[in-house]
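Enquirer: Heads up: the sequence lines are chains U and L, in that order. Here the numbering used here = 1-based position in the first sequence + 1241. Here the numbering used here = 1-based position in the second sequence + 550.
Derived from the structure by calculation, the hints contain no laboratory data. C-beta atoms are modelled at their ideal positions from N, C-alpha and C, and glycine is treated no differently. Please note that the accuracy of each hint is not assured.
Stated by the list, open to error - What follows is a list of derived Cβ distance ranges for each label pair:
#1 U:Asn1286 to L:Leu653: 51 to 61 Å
#2 U:Ala1378 to L:His581: 49 to 59 Å
#3 L:Ala572 to U:Ala1378: 24 to 34 Å
#4 L:Pro559 to U:Asp1288: 32 to 42 Å
#5 U:Gly1311 to L:Gly625: 24 to 34 Å
#6 U:Lys1250 to L:Trp583: 50 to 60 Å
#7 U:Gly1440 to L:Leu653: 25 to 35 Å
#8 L:Thr637 to U:Cys1302: 23 to 33 Å
#9 U:His1448 to L:Leu573: 13 to 23 Å
#10 L:Ala580 to U:Glu1390: 25 to 35 Å
#11 L:Ala580 to U:Lys1250: 49 to 59 Å
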Amino acid sequence: MSSTDTRMKVSVWRGDHEGGEFQIFDVPAQDSQTVLDVVAWIQQNDDPTLSYRFACRVGMCGSCAMMVNGQPRWTCRTHVKKVLKDNCIEIGPLRNLPVIKDLAADMDPFFEKWVKAEGVFHPSKTRNDQIEEIDPASVQRVKADAGIECINCSVCYASCDTVAGNPDFLGPAALNRAWTLYNDSRDAGSRKILDAVSGAGGCHNCHSMGSCAHFCPNGLNPMDAIAGLKRATAAAFFRRRT
Amino acid sequence: MIRPHRTHPLWYAFILHRVSGALLALFLPAHFWVLSMALNEAARLDGFLAWTDMPLVKFAEFGLVFLLAVHFFGGLRLLALELMPWTSRQKTLAAGAVGLSVLVSGTFFLQAV
Ligand code: SF4
Ligand code: SF4
Ligand code: FES
Chain U
1242 MSSTDTRMKV SVWRGDHEGG EFQIFDVPAQ DSQTVLDVVA WIQQNDDPTL
1292 SYRFACRVGM CGSCAMMVNG QPRWTCRTHV KKVLKDNCIE IGPLRNLPVI
1342 KDLAADMDPF FEKWVKAEGV FHPSKTRNDQ IEEIDPASVQ RVKADAGIEC
1392 INCSVCYASC DTVAGNPDFL GPAALNRAWT LYNDSRDAGS RKILDAVSGA
1442 GGCHNCHSMG SCAHFCPNGL NPMDAIAGLK RATAAAFFRR RT
Chain L
551 MIRPHRTHPL WYAFILHRVS GALLALFLPA HFWVLSMALN EAARLDGFLA
601 WTDMPLVKFA EFGLVFLLAV HFFGGLRLLA LELMPWTSRQ KTLAAGAVGL
651 SVLVSGTFFL QAV
């Protein structure tokens, strides 16, 4: 990594769940630098009390998401040159989640909603049964596969205005997971899933604003998944009445 | 100002649909009021219709038709988005086809009148 003499002005949010403010750091610019590199540089060279979260640094674990210039991003795979504006960057904790400290947001509400949306596998077989053969090209499986690569980063959750306005809304990631399981032929919980996602905070709250699909770093489309749930719950409603 | 996490086409489509819907809802009472004149006060209606011939009012009518078109196609977009189990590509193609046919048939219509 070759370093140059140029330096950047980086505003980093400091504080906890009670509030805080942006603090400005002067950080040397380097080639191929990611936003996570910038945060790490500050913590290692300027202020060791800065809190943030990361693990894999290669876009697999989903723990490094933050707001960068007001947009949610996976920081380990966001290049500085993509987001640098007038030599400045603003970095804050993920939106729509309580802040633990500085850049580390509390992910509990996010994961609790996965469980609430029945985003857990409901086995249909025991270990004594034959392993089921799944045709990867079947319509059902293609639908399930479309949403399977979620890394639980909460970028979509932070981008969603419906989450911001309604704390009970299950949110794009949990609903995307529910839709994936609903289409998984090995999952025995489709009825449970539809009940869980059609309640007060369920899929019908979504206004199809598409921020989730726009920002998902893995190119998933939770908005489409939610539309699928809307159709499935509506169809189930009419089936039950007749 | 539009906050950074909202600056993308799908959100603009959403807000256009919302705002046009709200403005049309505000216009509706006036619309019904004028229609009611046709039943009860024919002379006043004629006076009003003369007023609508003024260029500025004509221009405002254009705005109204524009709002209606925006809201109509926004609604079609939403219906397709939520009700059709199509892929994004199929939806883009369908939207393109609708747009094109409206343009072509609209041109024919304008030439005919
Ligand atoms: S499409 Fe729905 S879930 Fe996605 S950001 Fe918009 S309101 Fe939230
Ligand atoms: S759907 Fe995308 S943005 Fe949302 S948690 Fe999963 S990987 Fe992250
Ligand atoms: S650190 Fe694992 S996804 Fe960024």
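Enquirer: Kindly confirm whether 49 to 59 Å is satisfied by the beta carbon distance between L:Ala580 and U:Lys1250.
Expert: holds (52 Å)
Enquirer: That 49 to 59 Å hint for U:Ala1378 and L:His581 (C-beta), does it hold up?
Expert: holds (53 Å)
Enquirer: Within 25 to 35 Å or not, the Cβ separation of U:Gly1440 and L:Leu653?
Expert: Violated - the Cβ-Cβ distance for U:Gly1440 and L:Leu653, about 43 Å, lies outside 25 to 35 Å.
Enquirer: Please test the hint of 32 to 42 Å on the beta carbon pair from L:Pro559 and U:Asp1288.
Expert: Holds, since L:Pro559 and U:Asp1288 (Cβ atoms, about 39 Å apart) stay within the stated range.
Enquirer: Using the beta carbons of L:Ala572 and U:Ala1378, state whether their distance is inside 24 to 34 Å or not.
Expert: violated (46 Å)
Enquirer: Between L:Ala580 and U:Glu1390, does the beta-carbon spacing fit 25 to 35 Å?
Expert: violated (51 Å)
Enquirer: CB of U:Gly1311 to CB of L:Gly625, is that within 24 to 34 Å?
Expert: With Cβ atoms ~30 Å apart, the hint holds.
Enquirer: Are U:Asn1286 and L:Leu653 spaced within 51 to 61 Å by their CB atoms?
Expert: Holds, since U:Asn1286 and L:Leu653 (Cβ atoms, about 59 Å apart) stay within the stated range.
Enquirer: Does the beta carbon distance between U:His1448 and L:Leu573 stay inside 13 to 23 Å, or does it fall outside?
Expert: holds (18 Å)
Enquirer: Determine whether the Cβ-Cβ distance between U:Lys1250 and L:Trp583 falls within the hinted range of 50 to 60 Å.
Expert: holds (58 Å)
Enquirer: Does the Cβ pair L:Thr637, U:Cys1302 satisfy 23 to 33 Å?
Expert: holds (29 Å)
Hint compliance for this structure: hints 3, 7, 10 are broken, all remaining hints hold.
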